[in-house]
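**Student:** Sequence:
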Amino acid sequence: MNPIYSGNRLPGLSGERNEQTGEVTITVTHWVATFPECLTFGDPTFSGFALDERRFDNYDAENDEAGYRLELVYRGAGDITDNEGGEPAEQWTFDTSFKEEPIETHPRFKILKTLYGGTVGEDGKVTWPENLPENLASELNVGLSKQEKARDRKNPLFGLRSYLVFGAIARRTYVSDVIGTGFAGIGSVFEELPGQAPEIQFDDGRNWLKMAPKPQSAGDQWRIVEEYILSPEGGWPPTVHEFIRT
Numbered sequence: 034m035n036p037i038y039s040g041n042r043l044p045g046l047s048g049e050r051n052e053q054t055g056e057v058t059i060t061v062t063h064w065v066a067t068f069p070e071c072l073t074f075g076d077p078t079f080s081g082f083a084l085d086e087r088r089f090d091n092y093d094a095e096n097d098e099a100g101y102r103l104e105l106v107y108r109g110a111g112d113i114t115d116n117e118g119g120e121p122a123e124q125w126t127f128d129t130s131f132k133e134e135p136i137e138t139h140p141r142f143k144i145l146k147t148l149y150g151g152t153v154g155e156d157g158k159v160t161w162p163e164n165l166p167e168n169l170a171s172e173l174n175v176g177l178s179k180q181e182k183a184r185d186r187k188n189p190l191f192g193l194r195s196y197l198v199f200g201a202i203a204r205r206t207y208v209s210d211v212i213g214t215g216f217a218g219i220g221s222v223f224e225e226l227p228g229q230a231p232e233i234q235f236d237d238g239r240n241w242l243k244m245a246p247k248p249q250s251a252g253d254q255w256r257i258v259e260e261y262i263l264s265p266e267g268g269w270p271p272t273v274h275e276f277i278r279t
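So the number in my numbering is just where the residue sits in the sequence shown, counting from 1, plus 33.
Treat the hints with care, as some may be off.
Said to hold, decoys possible - With a straight-line Cα cutoff of 27 Å, these simulated DSSO-like cross-link-like pairs (lysine-lysine) come out: (1) 132 - 158; (2) 143 - 132; (3) 132 - 247; (4) 187 - 158; (5) 143 - 187; (6) 132 - 146; (7) 158 - 143; (8) 187 - 247; (9) 146 - 158.
Keep in mind the hints are simulated off the structure, nothing from the lab. These numbers were taken from a predicted model, which means no experiment stands behind them.
Whole structure, please, built from the sequences with the hints as guidance.
**Tutor:** Here's what the structure looks like:
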């Protein structure tokens, strides 16, 4: 049996809330008589959340004249704050990986070249001898017998072209009334991740570079994802990435 009048709300209310970001999604279902109403009917807000999306289909799958089921989707931020500072809750995720870098970019390349007899050609690439020069082998194998030294002259870096570097991208997700919060500090270097990030310490001088955010509309608010890229050992070079800000 069809609803009596166009716009009648159908039973059932569904929704969800992200406990980390505070984003709320609520779906309210109505019956409408005509197709134009599918595009225009509905309140702009529901319980303080803004209308963000509408979905519709035939009320009766086998009858084009039975009206339409209209789903109105409302989104926005719930009243979720942390217990201490009253700041909007945020979610942190991390992508970690190892990637290969040319051995010539190693922060201790000069030391490695000296210890293992490397020579750099005109192309800027290093070549390692198959066997260590006897004087270098003696320095590296102090305390070994002559037979052991002879056996251990094989160069452990022979044929080496690259080395593994640990990398990471930290992502901060939250909901804000103002889109500009995500764009503040693009291209800036952070010694520690901001906000409610977990404490992460490095002993090799690494820091974080803020990249461009990825905002998405959430009703009359914004769901913002900020990205921070971990530097190589020693940190991001000063001023090199300032062009990102312009």
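**Student:** If a hint holds in the structure, say so; if it does not, say that too.
**Tutor:** Do the hints match the structure? See the list:
Simply put, residue 132 and residue 158 have alpha-carbon atoms about 19 Å apart, close enough for the 27 Å limit, and the pair holds. The straight-line distance between the Cα atoms of residue 143 and residue 132 is roughly 21 Å, inside the 27 Å bound, and the hint therefore holds. Taking the CA atoms of residue 132 and residue 247, the gap is about 25 Å. The hint holds against a cut of 27 Å. A C-alpha spacing of about 21 Å is found between residue 187 and residue 158, which places the hinted pair at or below 27 Å, so the restraint holds.
Simply put, residue 143 and residue 187 have alpha-carbon atoms about 20 Å apart, close enough for the 27 Å limit, and the pair holds. Taken as a hint, the residue 132 and residue 146 pair is honoured in the structure, with Cα atoms around 22 Å apart against an allowance of 27 Å. About 13 Å separates the Cα atoms of residue 158 and residue 143, which keeps this hinted pair within 27 Å; it holds. For the given pair, residue 187 sits about 51 Å from residue 247 by alpha-carbon distance, which is inconsistent with the 27 Å threshold.
Taken as a hint, the residue 146 and residue 158 pair is honoured in the structure, with Cα atoms around 11 Å apart against an allowance of 27 Å.
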